[in-house]
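Asks: Sequence:
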Amino acid sequence: MTTDHQVEVQLDATTRTATVKWVIIADPSIGPGLVANATSCLGAAVGKVLPALVGPQVEDASARTHAGLPWTGCSILAADAAKLLQIRTKAANREGIFVADMSKHAQASRSYAEYTEAMAGTDEEAFEYYAVSLVGPRNKIDKLVGGLPLLR
Numbered sequence: 553m554t555t556d557h558q559v560e561v562q563l564d565a566t567t568r569t570a571t572v573k574w575v576i577i578a579d580p581s582i583g584p585g586l587v588a589n590a591t592s593c594l595g596a597a598v599g600k601v602l603p604a605l606v607g608p609q610v611e612d613a614s615a616r617t618h619a620g621l622p623w624t625g626c627s628i629l630a631a632d633a634a635k636l637l638q639i640r641t642k643a644a645n646r647e648g649i650f651v652a653d654m655s656k657h658a659q660a661s662r663s664y665a666e667y668t669e670a671m672a673g674t675d676e677e678a679f680e681y682y683a684v685s686l687v688g689p690r691n692k693i694d695k696l697v698g699g700l701p702l703l704r
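Add 552 to the 1-based position in the sequence shown for my numbering, that's all there is to it.
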């Protein structure tokens, strides 16, 4: 992955052999509904910026098409809010890593304009993150999230 967020497509690679890795880390204390919302919104954000992560549509034996899915896979990991802030801060300072996040502001805002205003008025240290998504070289992502458990 380069600094302009381009990904080398590796459709034949397994999730363990692909050179690019995608993870979403979520705070399980927010509850399953908000975790589901945060992770799905982050998936949309990543898909918009990195469309090459999504494979082509596929056809089944009945000739029905199915939307393409991420060929990288996406591990969903668990961490509390303090750890999310730490990971996001470190990732944002490393070249070649794409970062998307879902903060408390995003969950609480009723409109995108309200969200934009809340974000503009908050310093980074004051953010309460509900989930953070990282995409980048496997070795860099592993260093940031190594030891975190899968979200169950």
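Keep in mind that the hints were calculated from the coordinates and are not lab data. Each hint should be verified, as a subset may be incorrect.
Unchecked claim - Label-pair restraints from in silico Cβ distances:
hint, residue 1, residue 2, range
1, Glu-677, Ala-596, 35 to 41 Å
2, Gly-583, Ala-665, 44 to 50 Å
3, Glu-611, Gly-585, 20 to 26 Å
4, Thr-668, Ser-592, 17 to 23 Å
5, Ala-634, Ala-565, 29 to 35 Å
6, Ala-665, Glu-611, 39 to 45 Å
7, Ala-565, Ile-628, 30 to 36 Å
8, Asp-632, Ala-670, 35 to 41 Å
9, Gln-558, Glu-676, 41 to 47 Å
10, Leu-702, Ala-672, 33 to 39 Å
Just so you know, even glycine gets a beta-carbon here, dropped at the ideal spot from N, CA and C.
Asks: Give me the numbers of the hints this structure contradicts, sorted from smallest to largest.
Replies: Going through the list in order, the structure violates hints 1, 2, 3, 7, 8 and 9 and respects the others.
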